[in-house]
Amino acid sequence: MTASAPANHAHAPTTRTVVRFAGDSGDGIQVLGTEFAKAVALDRHDLMTLPDFPAEIRAPAGSTFGVSAFQIQFGDDGVLTPGDQADALFAFNPAALKTNVDALKPGGLIVADPGAFSARNLKRAGYAANPLDGDALSRYRLITVDIARLTAEAVAATGVGKKQAGRAKNFWSLGLCFWLFGGERGATIGWIEDKFVKAPEVAASNVAALNAGHAYGETLELDAGSTAQDARTAPRHGLFRTVTGTDAMGLGLAAVAALSGLKLTYCSYPITPASALLHFLAGLNGRGVSTFQAEDEIASATAAIGASYAGGLGVTASSGPGLVLKGEALGLAVAVELPLVAIDVQRAGPSTGMPTKPEQADLNLALYGRHGEAPLPVLAPATPAECFHVVIEAARLAMRYMTPVLVLSDAYIANAAQAWQLPDVDALPAITPAFRTEAHGFQPFARNPDTLARPWATPGTTGLAHRIGGLERGAGAGDISYDPDNHEAMSRLRAAKVAGIESTLPCDIDGGAAAGDLLVIGWGSTYGAIVEAVQGLTSQGHAVGHLHLRQLWPLPPNLADILQRFRAVAVPELNHGQLARLIRSEFLVDARPIGQMRGQPFKVAHLEAELAALLPGAPQ
Amino acid sequence: MSGQVIALTARDFETDQEVRWCPGCGDYAILKSVRRVLAQLGRRREDTVFVSGIGCAARFPYYVDTYGFHSIHGRAPSLATGIKLANPALDVWVVGGDADFLAIGGNHLLHVLRRNVDLNLVLVNNAIYGLTKGQASPTSSIGTRSPSSPAGTFDAPMNPAALALGAGGSFVARSADMLQDHLPDTLLRASAYRGAAFVEVLQNCIVYNDNAFGDLTRKAARAEKTVQVRHGEPMLFGANGERGLVYEPWQGTFRITENAAEATLHDETNPALAMALAHLVDDALPMPLGVFYAVPRPHYVAALEANAPQQPLTRDEFKDILRAGSWRA
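The listed protein sequences correspond, in order, to chains P and C.
Per my numbering, residue 1 is the first one in the first sequence, and the count goes up by one each step.
Per my numbering, residue 1 is the first one in the second sequence, and the count goes up by one each step.
To be clear, the hints were calculated from the coordinates, so they are not data collected in a lab.
Don't take every hint at face value.
[Unchecked claim] Within a straight-line C-alpha distance of at most 25 Å, the following computed SDA-like cross-link-like pairs (lysine to any residue) qualify:
no.	chain 1	residue 1	chain 2	residue 2
1	C	K133	P	G470
2	C	K32	P	I480
3	C	K319	P	G470
4	P	K198	C	A324
5	C	K319	P	D561
6	P	K195	C	Y28
7	C	K319	P	K198
[Claimed, not checked] Covered, in the sense of this in silico footprint (three residues per stretch, anywhere, with C-beta under 8 Å from a C-beta of chain P), are these stretches of chain C:
no.	stretch
8	39-47
9	101-114
10	188-201
11	241-253
12	306-315
13	318-328
The structure displayed is predicted, hence computed values, not measured ones.
We put the CB at the ideal spot given by N, CA and C, even for glycine.
Sequences are here, hints too, so could you generate the full structure?
What follows is the structure, encoded as C-alpha cells:
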C-alpha cells in the first residue's frame, strides 16, 4: 500500500491547472487526453484524469449526446482529483461547447475551432446564434483557431488524404496544449511512431500536426495564463508510469501469477466498463495468465471456479449487471470453499443504467447478493494505483482462507489515470498456496485451526480423490449432510472464517484530525475528493478526520475504536447511503449519509459544503 | 498423469456413498457402464474428474471414486472448461440430464461443443424432470402430461444429437441405458476422442416417464426398432440383421431395404449423413444408435497453446511487463 497511497494531506493545493477536452466521440478526445497526461507526467507533474465519454461508439456527428470529454488536473505533488472546474476547455464543435462550458471556471480559456461551428453543427447543438460571435462567452477568454485548416496545411507535405488530415486534428491540438501548458513532445512522437509503424505516412502526418500546433502557439505567443507548468513535483527517484485503475489491476493480477507461480485463469464476458481489463490481460495470454472469454457471465464465474478447483487461480470480473448473474456461482464458491477473485467495476444502475458512468451502488449486492448465509470478504481500492496492491491482497486472502473475495472498483477508478511509482517487485512477498499432498488423515472439510480454511486438494493428487458440491456437507469428511446441527455448525464456521481474516490493508486515519468533531468515512473512488474537502475544513480549524475503508467486509477490527474518537460521523458515497447503513447497523452510531447519484465523482466544493453542514454547531 | 496403465476393476471405482436413485432407475445401468469403462481405460483414479450440475443424473460424482464436483444447475460444462484450462492433463467427464444440458444450461453446451473443449459429455436423456418431481422437459414428446402440463405439452421437443451437430460438435453419438454392450463401447470411443465428445444416453425414468423409449430399449423389440451404426459397415437391423437402411442423400432421408447388400455403409466423417441420422425420428423406421459423427479437430486448449504457449510467469518477466511505458525520474 505504501507505494501507491498518495497521502500528502498537509499539502494545500496551490498551482494546479485543469484542462478539459471535448468533442465528438469519433474525434480522438480520449487519445488526445491520454497522450497529454503522459506528457505532463514526464514533465514532472502530478496528475489525475477523468475520462467522461458516452456509451455510443460513433454517435451522430455534432450531437450533444455523442460528446466525449476528458479532464485532467496537473501540477505539483498531491493531485488527487481531476478538479472541480476547468481552467481551459478545448471545444471541438458546438455540441462540445454547449455540454461542457459549465465545467469551465469564470475567466477560463476556451479554445474553439470556428470551422466546426457550421450552421448545421450549431443547429444540432441547439444554438440559435453562433456563440463564438457576439458576447455570449464574454465571461471567458476565447481563442478561435481554424484547427481543421491549419492541420490540413501542416500535413499536406506528408501526402496523406483528406480523411487522415481530418483525423490528425487532435494531434495538432495536443501540440498547442504542449505550448500552452508544457509537456514533453518526445514521448508522444515515440508513441505515434510505434502505433502507426505499418503506416509511416499516417505517423508522419500526426507528428507534423503535433509540431505545427506547437509552432502555432509559439508564433502567436499564446498564453494560457497558467503557471502550473512551473509547478513541478518535488524531485522523485525511481521508475514511474501513468496507470489507469484497469492497468494497475491487470498488472496486479499478473503479479499474482508471478508471486504464486500459479496459472491465473481470467474468465470474463464483455461488459462496460470491465472489458478493458479483459483486453489488458489478453495481451499477456500465455505469460502466467490465460484469458477465457466465456459465453455469458455465469459461465465466466463457474469456469473461474473450475480453474481454482484444478489448482490454478480463477479470477472473474464484470460490472453490476454481470455480478448479479454470477451470484449463484459465488454462493457455490462460498459453499465448496475454493479460492476465487471476483471484480466488480461498478457503474450507474439499476439495469443498464449509465454504463460508462461511475457509481458505488453495488456495495449491498457485494455484501448480501447471494442466497443463504454466504459471507465473503469485500475489498475496495481507493485510487487507480491502489488497484495493484488490493487485487494482490484479494488473491492472497482467497488462497489463504479458501474463499471467494470480491473487489469493488468503479468506472472512474478503472478509467482515470495517475502517475505511479513502480513498486519494488523483489520486495513483494511470495504467495505460497498450501496445496494438500499428504494422503494420511486427509479430510476435504477439515480445518486449519488458525485460519479455519479447509485444505486445497487438487485433482491429480495421489490418494486425495474426493467429492465436493453445493449440497451441505458434513464437517470434516464432507459427505452430504442434512443434519440440523451440522448445518448450524457449518454456517457459523463459514461466517467465523470470513470474520477472522487478517488483511494487510490499512485501516487508520488517512488525513485530518485523529479525534474531534467529525469523522468522514469513505471507500473507493471518492478518496481524492474527500481528502481535499477534509483539507479545506481542517485548514479552517475544524477537527475533521478522514478514514478511507479498503476492507468493507469484514469491517476492520479497530474501526469501532476510531469511531468513538469523534462526535459525529459522515459517510459520503456515490449511492443512496449503503455504507452509512452498514456502519449504523454494525456500530449503532448515527452515521450520516452524503449520497450522490449523478454518474460523476464528487466535486470537492460541494462535498466540503455538505460536510460543513454536519459539523457540530452548524446551522441545520 | 504418468500415462501408465494401471490394472483396476469396475469395483475400484465404487465409493462408500449410498446410491440414492430410485429402484429400477436407468442411471444404475449407466453407472455400471461408466465404471467398466473407467477400469478399461486404466488411468489413475486421481487423474479423472466427474463434474455435474443438478438433477438425478448429477449425483453421478458421488458414486464414482475419482475426483468429483457436484456444482449448480446447468453450469457443469463451464466449470469443466475451467478445470481443463487450469490442468489440461485431467480426464474430465460431465454428466447431466436433459434439463441440465438443454434447458438451464443449454448455452454452455453449445459453447463447449463449438470450442471443442476436451470433455466427455454424457447427456442422460429421460425426457422428464426427475428430481423436481416430474415436470415436462425440453425433450418430452408433444402431449406429455405432467404436473406442469396437465393437459399435455404442446411445445415441440428438442433433438439433442441434431443440436450437438448444429453447434459444431465433432463427436456425436447416441446409446441407451440398458445396452450393456453398446453403451460402454460408445463411452470408450468418446473417451478416446480429443475434444468435446457428446453422447446422448436414452434413459428410462421408471417413476415419472416410464417407457418413454420403451420399444428402443426393451430387448424383444430392440432389434426391429433400433439400428446400430458403425463406421464402414452397412446399416443393418432386424433379429438377424436381414434388413437395412438406405440413405437418400438428395432428400436427407432413409428408406428400408430387405436387401442387406443394398444398405448404406455408415461414414462417421460425413456431416450430412450424421445430421440425417440424428433427425431420423419416425415410427416406421428404426432409431439410430452409435457414433453418428467423429472427425478430428483441434480442441480448445490445444488451440490456446498454439496461439500462446502457456508458461508460468517469473518475477523478472513480470518486471518487464511492469516497466513497459515507464520512465526514470
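For each hint, the structure was consulted:
1. C:K133 with P:G470: Holds, at roughly 20 Å.
2. C:K32 with P:I480: The given pair, whose Cα atoms are some 22 Å apart, holds under the 25 Å limit.
3. C:K319 with P:G470: Between K319 (chain C) and G470 (chain P) the Cα gap is close to 40 Å, so the pair fails against 25 Å, i.e. violated.
4. P:K198 with C:A324: holds, 21 Å
5. C:K319 with P:D561: violated, 40 Å
6. P:K195 with C:Y28: violated, 62 Å
7. C:K319 with P:K198: violated, 28 Å
8. 39-47: Contact hint for the stretch 39-47 of chain C vs chain P: holds, 4 residues under 8 Å.
9. 101-114: Result for this restraint: holds, n = 4.
10. 188-201: violated (count 0)
11. 241-253: Violated - the stretch 241-253 of chain C has 0 residues with a Cβ nearer than 8 Å to chain P, which falls short of three.
12. 306-315: Coverage by chain P holds for the stretch 306-315 of chain C (9 residues, Cβ < 8 Å).
13. 318-328: holds (count 10)
Checked against the numbered hints given earlier, this structure breaks hints 3, 5, 6, 7, 10 and 11; the rest are met.
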